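Participant: For chain A, the structure is supplied; the task is to place chain B on it using the hints.
2 protein chains.
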Amino acid sequence: MADVNKNVLEEQIKAQGAVVRKLKEEKADAEKISEEVNKLLSLKSLLGLDTKPAKAKGESNKSKENKKQPGDEGPKKFVLKTPKGTRDFAPEQMAIREQVFNKIVACFKRHGAETIDTPVFELKETLTGKYGEDSKLIYDLADQGGELLSLRYDLTVPFARYLAMNKVTNIKRYHIAKVYRRDNPAMNRGRFREFYQCDFDIAGQYDAMLPDTECIKIVVEILSSLDIGDFVVKVNHRKLLDGIFAACGVPDHKFRPICSAVDKLDKTPWEDVRKEMVDEKGLDPNTADKIWEYVQQSGGMDLVERLLKNEILTCEKSAVEGLEDIRLLLSYCEAYGVTNRVSFDLSLARGLDYYTGVIYEAILTGTETAVAAAADEEGSVGVGSVAGGGRYDGLVGMFDSKGRKVPCVGISIGIERLFSIMEAKALASEEKVRTTETEVYVIAAQKGMVEERLKLCKALWDADIKTEQSYKKNTKMLTEFQYCEQNGIPLAIIIGQSEIEAGIVKMKIMASREEREVKRDNMIEEIKKALAPGNSEDTTASICSS
Amino acid sequence: MADVNKNVLEEQIKAQGAVVRKLKEEKADAEKISEEVNKLLSLKSLLGLDTKPAKAKGESNKSKENKKQPGDEGPKKFVLKTPKGTRDFAPEQMAIREQVFNKIVACFKRHGAETIDTPVFELKETLTGKYGEDSKLIYDLADQGGELLSLRYDLTVPFARYLAMNKVTNIKRYHIAKVYRRDNPAMNRGRFREFYQCDFDIAGQYDAMLPDTECIKIVVEILSSLDIGDFVVKVNHRKLLDGIFAACGVPDHKFRPICSAVDKLDKTPWEDVRKEMVDEKGLDPNTADKIWEYVQQSGGMDLVERLLKNEILTCEKSAVEGLEDIRLLLSYCEAYGVTNRVSFDLSLARGLDYYTGVIYEAILTGTETAVAAAADEEGSVGVGSVAGGGRYDGLVGMFDSKGRKVPCVGISIGIERLFSIMEAKALASEEKVRTTETEVYVIAAQKGMVEERLKLCKALWDADIKTEQSYKKNTKMLTEFQYCEQNGIPLAIIIGQSEIEAGIVKMKIMASREEREVKRDNMIEEIKKALAPGNSEDTTASICSS
Chain A
2 MADVNKNVLE EQIKAQGAVV RKLKEEKADA EKISEEVNKL LSLKSLLGLD
52 TKPAKAKGES NKSKENKKQP GDEGPKKFVL KTPKGTRDFA PEQMAIREQV
102 FNKIVACFKR HGAETIDTPV FELKETLTGK YGEDSKLIYD LADQGGELLS
152 LRYDLTVPFA RYLAMNKVTN IKRYHIAKVY RRDNPAMNRG RFREFYQCDF
202 DIAGQYDAML PDTECIKIVV EILSSLDIGD FVVKVNHRKL LDGIFAACGV
252 PDHKFRPICS AVDKLDKTPW EDVRKEMVDE KGLDPNTADK IWEYVQQSGG
302 MDLVERLLKN EILTCEKSAV EGLEDIRLLL SYCEAYGVTN RVSFDLSLAR
352 GLDYYTGVIY EAILTGTETA VAAAADEEGS VGVGSVAGGG RYDGLVGMFD
402 SKGRKVPCVG ISIGIERLFS IMEAKALASE EKVRTTETEV YVIAAQKGMV
452 EERLKLCKAL WDADIKTEQS YKKNTKMLTE FQYCEQNGIP LAIIIGQSEI
502 EAGIVKMKIM ASREEREVKR DNMIEEIKKA LAPGNSEDTT ASICSS
Chain B
2 MADVNKNVLE EQIKAQGAVV RKLKEEKADA EKISEEVNKL LSLKSLLGLD
52 TKPAKAKGES NKSKENKKQP GDEGPKKFVL KTPKGTRDFA PEQMAIREQV
102 FNKIVACFKR HGAETIDTPV FELKETLTGK YGEDSKLIYD LADQGGELLS
152 LRYDLTVPFA RYLAMNKVTN IKRYHIAKVY RRDNPAMNRG RFREFYQCDF
202 DIAGQYDAML PDTECIKIVV EILSSLDIGD FVVKVNHRKL LDGIFAACGV
252 PDHKFRPICS AVDKLDKTPW EDVRKEMVDE KGLDPNTADK IWEYVQQSGG
302 MDLVERLLKN EILTCEKSAV EGLEDIRLLL SYCEAYGVTN RVSFDLSLAR
352 GLDYYTGVIY EAILTGTETA VAAAADEEGS VGVGSVAGGG RYDGLVGMFD
402 SKGRKVPCVG ISIGIERLFS IMEAKALASE EKVRTTETEV YVIAAQKGMV
452 EERLKLCKAL WDADIKTEQS YKKNTKMLTE FQYCEQNGIP LAIIIGQSEI
502 EAGIVKMKIM ASREEREVKR DNMIEEIKKA LAPGNSEDTT ASICSS
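One line per chain: the protein sequences are A and B, in this order.
Heads up, the numbering used here is the position in the first sequence plus 1, with the first residue counted as 1.
Heads up, the numbering used here is the position in the second sequence plus 1, with the first residue counted as 1.
Chain A with its partners taken away, still in its complex shape:
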């Protein structure tokens, strides 16, 4: 490290030390202090590491650490962790994640969707002005020369940027990727700073409610396929909400703040929401109470018809437009056979500013809800919420130099919460999750047979049979069989000198412990037969569920 850099770093360490001391004096929030202490330690470690070129020999670091007083509560000097609010996925978690993704992607493909991908970061200005108050949660990249960049906050804004930039006016696409929010993590409840979003959107100028209803059908298909108990898809309409606010006497410029107050009703009692409306947002108490009369209501087509007879409400053009959309949507839901899953709910408001029409949110209502509640992924969605979305006809126009609009509607599957539920289910079922798909394990009966094993593996791999063997030259049969059992490998192929001479292999079906001799020439065929789904009862499946 050049001396000048070292000096800069030392200055930074001094300054950071002062920050920590000040926070401690002020008895600041413990988490805040811990964060700043970690930063100080990072800086110190940077200095330490860079001055020792042979870091592999850097044991001196640790021996110093060991001299610390026991009970000294500061974190270790050498911090071995993932960044706050993030996690690694172990193979067991990845196996569950893959299952969930496969079901969801199968549904998107069944509906004829394409997929796209966008960079993990965008120009800072691309994200600016799209998220309202939440903009403070955007991760920025350091200015290292060049463009100012930020990590993506969701997949919707990059999608809109993509459409405008490539002048795409029609697309049905899904996008599964990670997004980043500097939010207060609650990792035990499934809320992370790095998390997957799983979005399906239909862009294009189409006839009313046809794409909008397909989004609901998709949510119903996905949640049903995951077998996570009962759920309901709440629907509402931003135009109807605006109409209600107007009919109740909310001034135009307060529509959005009041909408965002209504959005809290799934987690917060009316008294508190009313307080926010009146005390914080200066709404007339009478107006608030009128809103409450509306937003308590939920139902189906009956509610639509009743509201369409409400003379105060129907004076508002936007309320009528919203109601007519909902009427059409519900009739299409009937044709799609999902009416029993849909609830027209006037309290549904959704947090984001950019919605302009139908909005949705899917909520778990069954016995699994307790699990879901423990997996609250985003502050902005309610307890048990596992999907949400709506229509946003103005967003793409914000990126077009001529303001050309591309109407869009979409849903986002709360996939981190679904992972958590599926993980909890897997844990509860005591079924061992297989993290590999290995079908055959190759074992030598004697020492000195490595190359024979390799030849056997080659033959199996070349026949597309998932095969493993030990990376030890000489192995013990018992240990090898135990490995097969622990890892749910259904078949073992065993060779010894006598088998080689006789041109055979021994095949052991692990579940039944049945062992038989197979001609080497027929080996592939016999293995495929033993692995065939029809035989899975006595091979793979029984082991997998043991």
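Just to be clear, a hint being listed does not mean it is correct.
Note that the list lumps identical chains together, so a pair holds whenever it fits in one copy or between two copies.
Each computed SDA-like pair below joins lysine to any residue, with the alpha-carbon atoms no more than 20 Å apart [to be verified]:
(1) Lys268 <-> Val279
(2) Lys255 <-> Trp293
(3) Lys474 <-> Asp290
(4) Lys110 <-> Arg98
(5) Lys179 <-> Asp89
(6) Lys179 <-> Gln198
(7) Lys291 <-> Leu309
(8) Lys179 <-> Thr83
(9) Lys110 <-> Ser471
(10) Lys268 <-> Asp184
(11) Lys459 <-> Val339
(12) Lys291 <-> Lys318
(13) Lys507 <-> Ala446
(14) Lys179 <-> Tyr197
(15) Lys507 <-> Lys529
(16) Lys456 <-> Glu335
(17) Lys179 <-> Asp141
(18) Lys529 <-> Ala460
(19) Lys85 <-> Asp141
It should be emphasised that the hints constitute simulated quantities derived from the structure, not laboratory data.
On a predicted model such as this, the values are computed, not experimentally measured, just so you know.
Facilitator: Chain B alone, transformed into the frame defined by chain A:
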């Protein structure tokens, strides 16, 4: 925006303006100037956007822009682009990406590998000191309070951190994810700042060369499955290189710089490499020439035996160890049937510092090489290089507080280059790449039949048949058929009033234009029959390749 923030921003803009003026005066590199101009424009736009809350109405931005003098070469004020060195993936590219991934993952699973995932960013100190000179290419996140973070630079260091943190001592894992390098992008040659890595590694204390050889087998399987022409996997050994350097008289502390010079031999003539060794790195010219005598050699087992008889070389213990490893590796390669793909090449050195044993690099040598050359992904790999890796027994120990080592060996598939090759192939073949998998398109023969269409779609989706329909209420048959042909959809299902009354649908096989009536009750069965692989010649396949 608070006034104080606005002032800060205005100050920044002023400062940035000065930077740009200075660069222009200095007639600096055009790309550098353009970068700084973009930054200035980003800052200006931040100011502009934030002061205009209704950005959707922000047409004033653009009208101002239009007042610019024509010929004013500055970029647009409203920059609609992805960050430098990054790109979006359109559906066609995603379809190819998926094909390539599927083949690679199938191979990893065939070899019994698990997968893990790690966060896109790590603590800055986790990456510090791992990449030598290349550390300057690491993306840092802005300091927004909290930990100091950097985007991952590769998947190997996060893997080592994962092993140490979770005390994993044995794992065979693959990891496919994006990594980030602030390198000079050469996007037309496939070199990006955001790009995929696709790594397979075996960690654990095993017997010599067994995991090492399986990595070669995997590379051979993957490259063969992708059908990209001939290739060779070069192998060498860091200990042998060290032994050669010692035998030639290179002083110990110059082993790494000299190794990194040798690494350039795949792109640079010997004269230039020699110059670097002698002039830049202060090597005795005689020593350099002795090295050249060695590193020109390549071959197979014959070369190993010849070198083992070299009395100068075999005085060096590390050379003998390296040669014995290579001998064992080549004998295992024989058993795996990959000898014809492997070349023991003394000029192979690999750039990274952390390798401690066998190193590999796979090079395309066939007629496709020209395409590969156009897809140079990383400066550090040679022309045509599509995979590389080696053994790194010390890296995990750098993360363990007690320095406990976990020996590792792995390969990284140069997947961006493989994408480029496959894209070029797809383009050359003039075959249309399908971006959806839609099997059936539902069409109404008359107006006013939307809900009948929806019911039909529901029945098909529920039977897991990939189905689409128009989002228009009323459609034209001809347009609908055209849509099927353009998108390679093999079947159309048509209903009209008379079909509904008769309890039938019309099924049209798009390839043959054959149209027949099918009972509604048998519809699913008939569709599945028509879509079955045996019938693909006259349905899917023929359309796909048209």
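Participant: If a hint holds in the structure, say so; if it doesn't, say that too.
Facilitator: Status of each hint after checking the structure:
1. Lys268 <-> Val279: The answer is within: 18 Å in one copy meets 20 Å, while 72 Å across copies does not.
2. Lys255 <-> Trp293: within (16 Å within a copy, 78 Å between copies)
3. Lys474 <-> Asp290: neither (79 Å within a copy, 40 Å between copies)
4. Lys110 <-> Arg98: both (18 Å within a copy, 16 Å between copies)
5. Lys179 <-> Asp89: both (13 Å within a copy, 15 Å between copies)
6. Lys179 <-> Gln198: both (6 Å within a copy, 16 Å between copies)
7. Lys291 <-> Leu309: So Lys291 and Leu309 pass the 20 Å test inside one copy only (17 Å; across, 93 Å).
8. Lys179 <-> Thr83: Answer is both: 16 Å inside a copy and 17 Å across each meet the 20 Å cutoff.
9. Lys110 <-> Ser471: between (39 Å within a copy, 16 Å between copies)
10. Lys268 <-> Asp184: within (18 Å within a copy, 47 Å between copies)
11. Lys459 <-> Val339: between (51 Å within a copy, 10 Å between copies)
12. Lys291 <-> Lys318: Intra 19 Å, inter 89 Å, cutoff 20 Å: intra-copy only.
13. Lys507 <-> Ala446: within (10 Å within a copy, 63 Å between copies)
14. Lys179 <-> Tyr197: both (4 Å within a copy, 14 Å between copies)
15. Lys507 <-> Lys529: within (15 Å within a copy, 40 Å between copies)
16. Lys456 <-> Glu335: Answer is between: at 9 Å across copies they meet the 20 Å cutoff, but 60 Å inside does not.
17. Lys179 <-> Asp141: Both: 16 Å inside a chain and 18 Å across chains, each within 20 Å.
18. Lys529 <-> Ala460: The answer is within: 13 Å in one copy meets 20 Å, while 35 Å across copies does not.
19. Lys85 <-> Asp141: Both. Shortest intra-copy (16 Å) and inter-copy (16 Å) distances satisfy the 20 Å Cα cut-off.
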